[in-house]
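Colleague: Input sequences plus hints: build the corresponding full structure.
Here are the chains, one letter per residue:
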Amino acid sequence: MKKYIWGRILRSLLSIFLVTTLTYIVIYSMVPRRDVFKSDPMVSKLKSDPDKLSDYENNAFAKMNYIEYHDTKSLIAQVKKDSPKVTAAVNSTNEKAIKDWAQKNGFTIKQFKKSKAYYATRELPLYERLGRFYGNLIQWDNPWAIHDKSNPNLKRYLKFTNDKLVGFALVGSGTKYRYQIYFNSSFPYIHQNFLKFNLGTSYPTYAGLPVSSVIGGRQGRAEITQYTYPDGSKRNTADNVYLRAYQPKNRQDKTEYERYGDDYTSTAQVLSDPSMIGTSFKAGIFALIITYVISIPMAILMAQFKGRWVDKLGTGIVTILIAVPSLAFIYAFRYLFTTWLGVPDSFPTLGAEVFSSWVGPTLVLAGLSVSGLVIWFRRYMIDQQSSDYVKFAKAKGLNDGEIYRKHIFKNASIPIVQGIPGSIIGLISGATMTETIFAMPGMGKMLPDAIITHNNPIVIGLVFIFTTISVFSILLGDLLMTAVDPRIKLSASGDD
Amino acid sequence: MAKKNATVAAEAVKPRAVAKDEDFVLVSLDKKATEIIDTPKYSYWKSVWKTFFANPVTIFMLVLMVVILLMSYIQPLFSGYSLMDVRGVNNLNARYNWPSAQYWFGTDADGKSLFDAVWAGAKTSVSIGVIASLIVTTVGVIVGAFWGVSKKIDRIMLEIYNVISNVPMTLIVIVLSYTFGNGFWNLIFAMTVTSWLGTAYFIRVQVMIMRDREYNIASRTLGTPTRRMIFRNILPYLTSVIVTQVSQLLPSFISIEVFLSFLGVGLSADVPSLGRLISQYSPYMTSYPYLFWLPVLVLALITVSLYIVGQNLADASDPRTHM
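Protein chains in written order, with my numbering: chain A, 1 to 496; chain B, 1001 to 1323.
Mixed in with the good hints, there may be bad ones.
[To be verified] Chain B regions said to be covered by chain A (calculated; three or more residues, Cβ under 8 Å):
#1 1042-1050
#2 1168-1176
#3 1263-1273
#4 1276-1285
#5 1307-1316
[To be verified] Subject to a maximum C-alpha distance of 30 Å in a straight line, what follows is the list of computed DSSO-like cross-link-like pairs (lysine-lysine):
#6 B:Lys1050 / A:Lys306
#7 A:Lys3 / B:Lys1050
#8 B:Lys1152 / A:Lys2
#9 A:Lys45 / A:Lys63
#10 B:Lys1050 / A:Lys2
#11 A:Lys114 / A:Lys104
Derived by calculation from the structure, the hints in this document are not laboratory data. Yeah, the Cβ is synthetic: ideal placement off N, Cα and C, and Gly gets one too.
Modeller: What follows is the structure in structure tokens.
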């Protein structure tokens, strides 16, 4: 069994890798690269200055790993290593030196339209881009992570102490983040900073931000908390002290340095609303629970009164729910919820802090998967009805309720337990529509948004996250099934 | 005759008093009666249609479906609806008219009849659904059939399936239609390029169930080639399963097309579609509700009628329902 699980985990990882790689290749080779500027306001602003425009465009391409780019300054710096006499002036000796360097390193030399200054670009082949993507994907923080020439005496250690600012924490120095592991009152109470995913840089929306912080970073307005600093002062601040990161000496602020007492003064703000991934998860988990709470009793009722009006009515409702396109379904139920329950029809109207904003999207998301679950669960229960153990239970004199609750339900729930992850996949698909229609700032809304604005790094990041979630939820479902029914041996299912 | 036999058989089971001689009557041999072969005539397709038309709901849905299909293919021929036509945009009297005898579904912001727009959109949506389902079913059934009987293909295909099936289909279609660009055939390609795997896997399982039945083992022992086994022995048994698949695929493809057009990803700007209408008019939900709800209603009617007709056809094509 252990061997089987390891095999499955390896396969799941391979599956994630393949899907992400394929998406990466398909997107970066088939979407015209100029499309990224279609919705970028900077491009029209810079149109009057062609030099700045081409510099801006090349920088953008370089950020997205399409090309390697050296502007005039860094090009000259590079060439100087080979031929120290070179200058930025446009003349034949410089041009020769630069061209020689370019030939050696595989770069192409171009000149800006107006100033005629040189710059160099190099197309990155797809495999190199992929290599960079996966090479930078997982980032471990360690005491040797920071190399700052202006701060040669930086101490390098990891120790578990009672920090004056955040309480008990694994504190690092020489690391990128000050607190490697810390505890606080927000779920899940124990947090880490030593392992981060780097999914690239977002562009053109959220330009320059890392994809992981666009998707995983909190949103909304700044939230102020009171902290007691190591120097004894009490201060209200929106800075997230838990995420203090190293700030190079030359960019440090003196008062900040004195306040914290160390070099870790770069902080992000504490924001009020959950991140995109958090929003989607919150709505998703509650939707999953609601789905089961609605559909299991409904299926039991329908199976128990098979062929009677309850069953017929239920089947009719379920058939219509399956057949109606999700878009129509979502709009219709949004309309019903806003008129009946008085909840807002779009999420940002009241915002994430207000409970009623969550009601609509979560209920709709749950409703989308109810029909599928009811139909399967009813089928399983009816299949069980004619089995021998049910007849025996009847012969023993158990009443219908007992038979359904104690015998049929347990046996029919085995495939349902295995189906939980399937519903998670359904929730992901449903979330893209529901969140878009409710304007809910989650991952599901981000995918269409990113596609419309041609934000390729975010698209790939989301595909990676969605694939990871669904692959591991399928694995989890299989494991859960063996836990529910010990008779099932996954490793023996040779022919599947 | 059959009934009489049945009653005799039932009586034979009952414990009775010991039979006496006078209970029996001598029957002479009737040569004519022995010549009659007494099996009811059975024709598969005739029984399918008989069962299919026995349900009044099905007939209603079938009529609805035919009317909708005819409307969406014939009405656009006469209306000459074009998305690019904005002649009425400055004519304030022609814009935003509520449904009336002249404009059955009212008029939109460009002064065009919504009735024309809905049917032109329905034509695109239905066409995409039908073409995509046809492609997926054909490829899926053929690949699935060979997948089910060949162990070699099984090993390779299972690995491919495991990778693809882990990813939500909507996600794949969205990303692919983004990368292939906008356009009718691009969208169909994006929808079908991986979806057939799901159908193929489903058929594979069904084929594997049939493959090892006694009659197939016998057939194989007698030297029937694989292709003949698939197309003559196995696939005819899967008619109802395949029809069920189609009846589920059609609405789901229409639904995906609508959603993609809603996002503005799938079709190019000059192709009318129900999804485009719905997304275009969703801001008018409270001010001009007919602009939004009528396309939604037509869309729902299309998929519901297709689904129910398909499901009932699938039920009818299952020989077990013919008794």
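Colleague: A separate judgement is required for each hint: does it hold in the structure or not?
Modeller: These are the hints, each one checked on the structure:
1. 1042-1050: With 0 residues in contact (Cβ-Cβ under 8 Å with chain A), the coverage given for the segment 1042-1050 of chain B is violated.
2. 1168-1176: Satisfied; 7 residues make the cut.
3. 1263-1273: Coverage by chain A holds for the segment 1263-1273 of chain B (3 residues, Cβ < 8 Å).
4. 1276-1285: holds (count 3)
5. 1307-1316: holds (count 3)
6. B:Lys1050 / A:Lys306: Roughly 25 Å separates the two Cα atoms, so the pair holds.
7. A:Lys3 / B:Lys1050: Given pair Lys3 (chain A), Lys1050 (chain B) is violated - Cα atoms ~55 Å apart, limit 30 Å.
8. B:Lys1152 / A:Lys2: Given pair Lys1152 (chain B), Lys2 (chain A) holds - Cα atoms ~27 Å apart, limit 30 Å.
9. A:Lys45 / A:Lys63: 20 Å, holds
10. B:Lys1050 / A:Lys2: 55 Å, violated
11. A:Lys114 / A:Lys104: Holds, at about 27 Å.
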